[in-house]
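Position chain Z against the provided structure of chain D, taking the given hints into account.
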Amino acid sequence: MRYAVVDSWVVAKRDLIHWVREPVRVFANLAYPVISVLIFGLVFGSAMNVFGGGDYIEFLMPGMFGQTIAFGVATTMMTVSMDADRGVTDRFRASPMSQTGVVAGRSIADLVNSSLELLVLTLCGLVIGWSFHDGLLNALLAFALFLWLRFALVWMGVYLGLLVKPEAAQASWMFLFPLTMFANTFVSPELMPGWLRVVAEWNPLSSTVAAARELFGNPGVGGDSWAAQNSLLLAVLWPAVFVAIFWPLSVLKYRDLSR
Amino acid sequence: MHAEGLRKRFDRNWALDGFDLSVPAGTVCGLLGPNGAGKTTAVRILATLLRLDGGRAEVAGHDVVREAPAVRRQVALNGQQSTVDDVLTGKENLIMWGRLYHLSQRQAAARADELLEQFGLTDAAGKRAKHYSGGMRRRLDLASSFVMRPSVLFLDEPTTGLDPRNRGEVWREVKRVVAEGTTVLLTTQYLDEADQLADQIVVMDTGRVAAQGTPEGLKSQLGGDRIEVVVRDAGELPVVADVLGPHAEVDPDAFRVSAAVADRVAALTRVTSALAAKGVEAEDIALRRPTLDEVFLAITGHRATSEVRA
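Going down the list, the protein sequences come from chains D and Z.
All residue numbers for the first sequence refer to our numbering, where the first residue is 1 and numbers rise by one.
All residue numbers for the second sequence refer to our numbering, where the first residue is 1001 and numbers rise by one.
Please note: incorrect hints may appear among the correct ones.
To be verified - In silico lysine to any residue, SDA-like type, Cα no more than 25 angstroms apart, as pairs:
1. D:13 - Z:1148
2. D:13 - Z:1101
3. Z:1175 - Z:1058
4. Z:1127 - D:111
5. D:253 - Z:1081
6. D:253 - Z:1101
7. D:253 - Z:1014
8. D:13 - D:131
9. D:253 - Z:1052
10. D:253 - D:136
11. D:253 - Z:1080
12. Z:1130 - D:253
13. D:165 - Z:1148
Said to hold, decoys possible - Incomplete in silico selection of chain Z near chain D, CB under 8 angstroms:
14. 1048
15. 1049
16. 1050
17. 1069
18. 1077
19. 1088
20. 1096
21. 1268
For the record, the hints were derived by calculation from the structure and aren't laboratory data.
Using N, Cα and C, we set each Cβ at its ideal position, and we do this for glycine too.
Just chain D, with the same shape it has in the complex (with noise of 0.2 angstroms):
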């Protein structure tokens, strides 16, 4: 069990060097989403309406939080699977380090980024005029709320990027845009197409951003339906949904490698 923290932080410290060396990387992560803050808040931001009134950039801040929490799961399968493809998890295999260690320490480093990444953001969007209006300790607990997905996507990224090869990894942007497009995060779901509308209400990002918007007291918060009343709740239970499925799966799929 001691072996097991140790291990983590050694995998864990192996990608945050990676990070502050190549720092080219991590702007690149970010260049995204900070890009997007200027074109959505500020280019289209004027012809967007928020229903139930309200200001654009004040909605779309907990959007973009949670859609770059989303793309974090892309991160986490491309490192899964170059490491399973350079024959560096076979390494790790065939050595004596706890088998714990090695998602771990990606869990670890990955928080880190992804907070780093959240805290851009949100400097970003003070600048801009966003700014939450609940109470630091709301604000606290929204951003443990996207951590928590956060985490959730660790699991889920390490069974697809077990289950795919680096370049099928690279491709799952085409997926995860239109899947944080179809949410409350850019556009209110009230005013989607009737089927799209149901999608965006259940999707599960849906539900931590709407949380967040809450907890921030951020406009764009409610909604008719059962998913948008009850955000809050989702926003626990979806992630741990999450992690109770693709947990699992990981260590059965960790464990195939060697069928």
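Just chain Z now, kept in the frame of chain D:
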């Protein structure tokens, strides 16, 4: 290291179909065979990375299935690809592996310095591995396998893709660690590599042992020596082939004819005088031992997959 009747199936194909292996401690066993013969599968099973579908194997005194964790503490695996982390420096790479083998930070750092010294990488210790040459990366990769002084080392095609000078460097390191008492199982497609390093050679084909013995032994199994005649004029090749007998092999590109001979000196005398009698002026006549390439061809019925030689 000892394995009996190993069987491993992927879908419907038996990648290993009753594979036996016995490697005495402190020796090098070269596992040769074409692609798909089951070399890598065998190594992965012995390194506890794959489950068996039949048979049993013991590595470093422990059963690879029931005592996998004990085996893992005694073995190191060096795969076909480099697992060197490009962004970390050479020393950081070694410390990382030391830590994963559960040395303390200070022990890991001390061991890293020792290994850098041994593998001639001290000057490059602080440089990121991405600036290393191919041979340096390979040596760093090898060094990282030696963090725990493993009693068994698996080398899966250790010099694939390296230039001759770098291959020489890797060979030197392998010889050095063997001298320190490590048992090595080496898979390779390069016959000269097995010839250089291995005490014992096992030729695999379709998941089984096709032949085994010492490099010298395998060569003499093939009828011992060969005589080679090189001519100046391609038109004379058939005449020479005729002199060398029914099993002569003609290589028209090299202007060369060769054949197995039983009695070295008698054959030389006979061929020389026969050629003189037919008025053929030979560029060169030589006696030589067969290459492992020829052994391989004779055993498996096809050439080693890779034609690249140093």
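Hints, one by one, checked against the model:
no.	hint	verdict
1	D:13 - Z:1148	holds (21 angstroms)
2	D:13 - Z:1101	holds (16 angstroms)
3	Z:1175 - Z:1058	holds (24 angstroms)
4	Z:1127 - D:111	violated (29 angstroms)
5	D:253 - Z:1081	holds (22 angstroms)
6	D:253 - Z:1101	holds (24 angstroms)
7	D:253 - Z:1014	holds (22 angstroms)
8	D:13 - D:131	violated (33 angstroms)
9	D:253 - Z:1052	holds (17 angstroms)
10	D:253 - D:136	violated (41 angstroms)
11	D:253 - Z:1080	holds (23 angstroms)
12	Z:1130 - D:253	violated (31 angstroms)
13	D:165 - Z:1148	violated (31 angstroms)
14	1048	holds (6 angstroms)
15	1049	holds (6 angstroms)
16	1050	holds (5 angstroms)
17	1069	holds (6 angstroms)
18	1077	holds (4 angstroms)
19	1088	holds (6 angstroms)
20	1096	holds (6 angstroms)
21	1268	violated (50 angstroms)
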